[in-house]
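Asks: Please build the complex by placing chain B on the supplied structure of chain A, with the hints as guidance.
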Amino acid sequence: MPKIVTGLAAPLPLANVDTDVIMPKRFLITITREGLADGTFADLRFDEAGEIRSEFILNKRPWSQATILVVGDNFGCGSSREHAVWGMRQLGIDACIGTGFAGIFYDNARKNGLALPIVFSKDRDLLLQLAGRETSVEISVDIEGRVIRAEDTAIPFTMDDATRSGLINDVDDTRDTLTYADAIRAYEATLGAGMRVCVIK
Amino acid sequence: MSRTLYDKLVDAHKVCDLPDGDMLIYVDFHIMNEYTSPQAFSGLDTKDLTVWRPEAHLAVVDHVNATRSQEPHDQASKLLIDNLEANCVKHGIAFYGLGDRRQGIEHVVVPEQGLVAPGMLIACGDSHTTTYGAFGALGFGIGTSEVEHVLATQTLRYKRLKTMLVEVDGHLPPGATAKDIIMKIVQVVGAGGANGYAVEFAGSAIRAQDLPGRMTICNMAVELGGRAALIAADEKAFKAAAGRAHSDMLRYDNEDWASEPDAEFDKVFQIDAAEIAPLVSWGTSPDQSIPIDGEVPSVTPEMPPKTKAALIRALDYMGLEQGQPARSIQIDSAFIGSCTNSRIEDLRAAADILRGRKVADGVDAIVVPGSALTRVQAEAEGLDRVFVEAGFDWRSESGCSMCLAMNDDIARDGERIASSTNRNFEGRQGRGARTHLMSPAMVAASAIAGRLADVRDLQRETD
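Chains A and B supply the protein sequences, listed in that same order.
Final position of the first sequence in the numbering used here is 201; the numbers increase by one with none missing.
Final position of the second sequence in the numbering used here is 463; the numbers increase by one with none missing.
Isolated chain B (complex conformation):
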């Protein structure tokens, strides 16, 4: 039978079957952060276990650290950071901590360091590990008990997922980006629509994306419930993986990392790229999005009671009216950052919009580069000056920052944020905070307008 890329990756990493239907799969590379690993290390201590292959793990500080300074902003975050470093020293694991030039958001650091190649299996105690699918690698998030399991055995207990194919064909209209492609996919498939599935993205609009865009797409596949996201490895993927610190030592050439032409999927979706406009989320789930020239949804008579109740609850939390035009929504702040959209290409796209313009009065705008190396590159290109001159707060350190507000970048109750991040959940960016997801260029356009704004209007002006 013809195999999908997902099946090939699982087959290549299968160690053995287990008696109750699960299998053991081999983890080529495992990444840790300071907030989901402490209890895994203490689990090893309690059980008197050692790390199976210390050299196959990397620990990066990113979730709780302040981004204004290398100094932890409080004792609790310092405890988490110091704890991770001590555990890495004890077990002989590589640690990229604050002040290390390789530090940054884990999913930005890993490709930058050449630690992902087509055909690998990568696990991490973070749901956005699906990012590595952009390279034709199988990446997925795990919980802390599983972090302990990988440390001690270099394997995971695994159940094969069902497969879903999402094909996006055609030309993306001006103003629409990889972020809009994935937000559209989440809207079509639904927030839990891919629970239990590995999702492969294909079609001409996906292939046309370079690796940074593909990473944005695979990164947010978890928002539709996909436990794995994949894009066939092509020339672009091999090129992007090459020429970096670790790339020469990695070669997984035991397969052609693409689905066979007649491979069958359990579920298929088709999306026309020509119909994708710049999107903004209006609600509290990533599938609640509308085109920037659209309106916030209204209750309709035929709406089932549950849908109606959910709509009203989301509108109430977000402080929005039914039928309100997206472009009338005033913002308090703007945030560019996160593992979804903080790479150099994202910063360039936002800077292109900001050049020669100013952030609206009263809008707090922050930009947090995805890694220390991204910051250095951006500063070499003069992007930091573009951001600062426009009125953005250019952060000197990298991390997740206001995407999940585990550091000191916490939104106030009711604060409304145009955000290049991945989740608009209730309380995600601070208790009572109201998040609108969009592309980095759209965040820049909204920061200038002081309300949700259409990047295409500014692009036309620039042209």
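One chain only, chain A, in its complex shape:
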């Protein structure tokens, strides 16, 4: 992904938004990664009859064009379903700014080019306020410099080195790890007889 992500931000201040809310289970019965945009935040975006909930922020102008979310504490908690991240990417979300994310969601995001900058509570609240203005404020997330810029403010954020380089370089982790195949074999050679699982078929 680009080193700097710029776009319109939408405020989603709810705390503990879990992966059941991000991607309800009825969209999970699939063997592909595609077709999940409509399922993303489905119960917040649509009512029981499938009609658009006009009061939900991502259904309102200008936020329907948002590519960045400013979110409440502990976003992405719950189930390990990567479908939640696939869906957010397919909905066009490039970054999600919060005070902290659930661990599995954080790792899933890195694998799919969704940046999750972590900021202090007071900075997140400031960004929520800015994002909530109807005079659409553009926010830029400088992943390389680890700083968020909005109007004339610059807010530093936390992101570990491995996640940052993973996002910027867009490396395929699986293929890259296979370049360490010799180290994996060397580790396996140290395992005792009772340390090699062999599941009975």
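Hints may be right or wrong, so weigh each one.
Each computed BS3-like pair below joins lysine-lysine, with the alpha-carbon atoms no more than 30 Å apart [stated by the list, open to error]:
hint : chain 1 : residue 1 : chain 2 : residue 2
1    : B       : Lys-90    : A       : Lys-60
2    : B       : Lys-306   : A       : Lys-122
3    : B       : Lys-267   : B       : Lys-159
4    : B       : Lys-308   : A       : Lys-60
5    : A       : Lys-201   : B       : Lys-47
6    : B       : Lys-308   : A       : Lys-122
7    : B       : Lys-14    : B       : Lys-236
8    : A       : Lys-201   : B       : Lys-239
9    : A       : Lys-122   : B       : Lys-14
10   : A       : Lys-122   : B       : Lys-159
11   : B       : Lys-47    : B       : Lys-78
12   : A       : Lys-3     : B       : Lys-239
13   : A       : Lys-3     : B       : Lys-162
14   : A       : Lys-3     : A       : Lys-60
15   : B       : Lys-159   : B       : Lys-14
16   : B       : Lys-78    : A       : Lys-201
17   : B       : Lys-267   : A       : Lys-122
18   : B       : Lys-358   : B       : Lys-306
19   : B       : Lys-236   : A       : Lys-201
No wet-lab data here; the hints were simulated from the structure.
Replies: Structure of chain B alone, referenced to chain A:
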């Protein structure tokens, strides 16, 4: 420096450091289910990769299957189940499918088959993989991209977590169970309180728990954000791991699997077991719970606006009034099952309450045993008859079922459920469904009363 159990487990599984600060860790054993693995297998195909060590993986059908019959209830679930089997056949991976006597909920099946031992590292595309911490093993949930990574390399890219110690000391009062211990811990630490931490549970009240109770505790550690949960391996853990199909072949005796006495933790919580009462959740996050003889919280003047808004939103979704007594909350249904509480010990605890009693009129009550072997054991003990005579629907097949409603057990909009499961999220058990988490015995007591009820009242009667 003295090391924690977590540090020992990570050190023992470290393959090498990576240039950007992560490390590669070795996965001793990897479990898959039908819903978070399909895209991992197709990833292997697209990249033309093979499975590094097929014998170190197990696939179990549990998330989407119907529990009334071995037949899939619809084409979509059949597709997921068939897809998993085909992928396992293709790559030479063990597959416990519908009708296999070893099938069941993955985290119930694994200990039952002796596939967990102190000192192991276990990964699975399911957040409740923290369960294995009960044995002094490092278990954690991973996403589908990581499932692909483990299949192809038998390793994961890993960042060492911070460490948290939660000590629970003292005697648990009558009526309170392992479920109440962990619900209390989630309440104290908060739903995201352990994000970024590996959590070790210690103290006399934890040690007093047998392995099934310890599994319930470690299982729900993910609800406080813990990416790993651990309990020191003691005699009880070694005994529980022994004498099963795979136990003889597993021995990880390269360490003493406990924290060293003076090991330091980044964060410490202390909880008095004597203060833990039977709890019920009232809201839409697992940390929103109250004692059964308590009241639903009310807005207070000093409450910060965000907290107030969250409280009102949760009450609105749950259809509850501020200050409403927990015991006045009427239920529509009762569910006993899930990787948290569906083992034989859970079924026995619920049956003890139900024996000679009837489920209240109008309450739909379901019990789904955690595995096919659990069902067989329960039927041998006559527990199925206790449930059926009380008015429960005893399911013949095992799976996650109504815990996450990915099969045909979906709650109606507004339906209120007393549930022995792990998550009370909005929509978890069906769109608009209202979940109250509690122990299996409390679900049984509530099913009889037709409202949230105090198991201690019935226990006193029985005594």
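Asks: Each hint needs a verdict: does it hold in this structure or not?
Replies: Results for each hint:
no. : hint                    : in the structure
1   : B/Lys-90 <-> A/Lys-60   : violated, 48 Å
2   : B/Lys-306 <-> A/Lys-122 : holds, 13 Å
3   : B/Lys-267 <-> B/Lys-159 : holds, 18 Å
4   : B/Lys-308 <-> A/Lys-60  : holds, 25 Å
5   : A/Lys-201 <-> B/Lys-47  : holds, 27 Å
6   : B/Lys-308 <-> A/Lys-122 : holds, 18 Å
7   : B/Lys-14 <-> B/Lys-236  : holds, 27 Å
8   : A/Lys-201 <-> B/Lys-239 : holds, 24 Å
9   : A/Lys-122 <-> B/Lys-14  : violated, 38 Å
10  : A/Lys-122 <-> B/Lys-159 : holds, 27 Å
11  : B/Lys-47 <-> B/Lys-78   : holds, 26 Å
12  : A/Lys-3 <-> B/Lys-239   : violated, 53 Å
13  : A/Lys-3 <-> B/Lys-162   : holds, 28 Å
14  : A/Lys-3 <-> A/Lys-60    : holds, 29 Å
15  : B/Lys-159 <-> B/Lys-14  : holds, 11 Å
16  : B/Lys-78 <-> A/Lys-201  : holds, 22 Å
17  : B/Lys-267 <-> A/Lys-122 : holds, 23 Å
18  : B/Lys-358 <-> B/Lys-306 : violated, 43 Å
19  : B/Lys-236 <-> A/Lys-201 : holds, 28 Å
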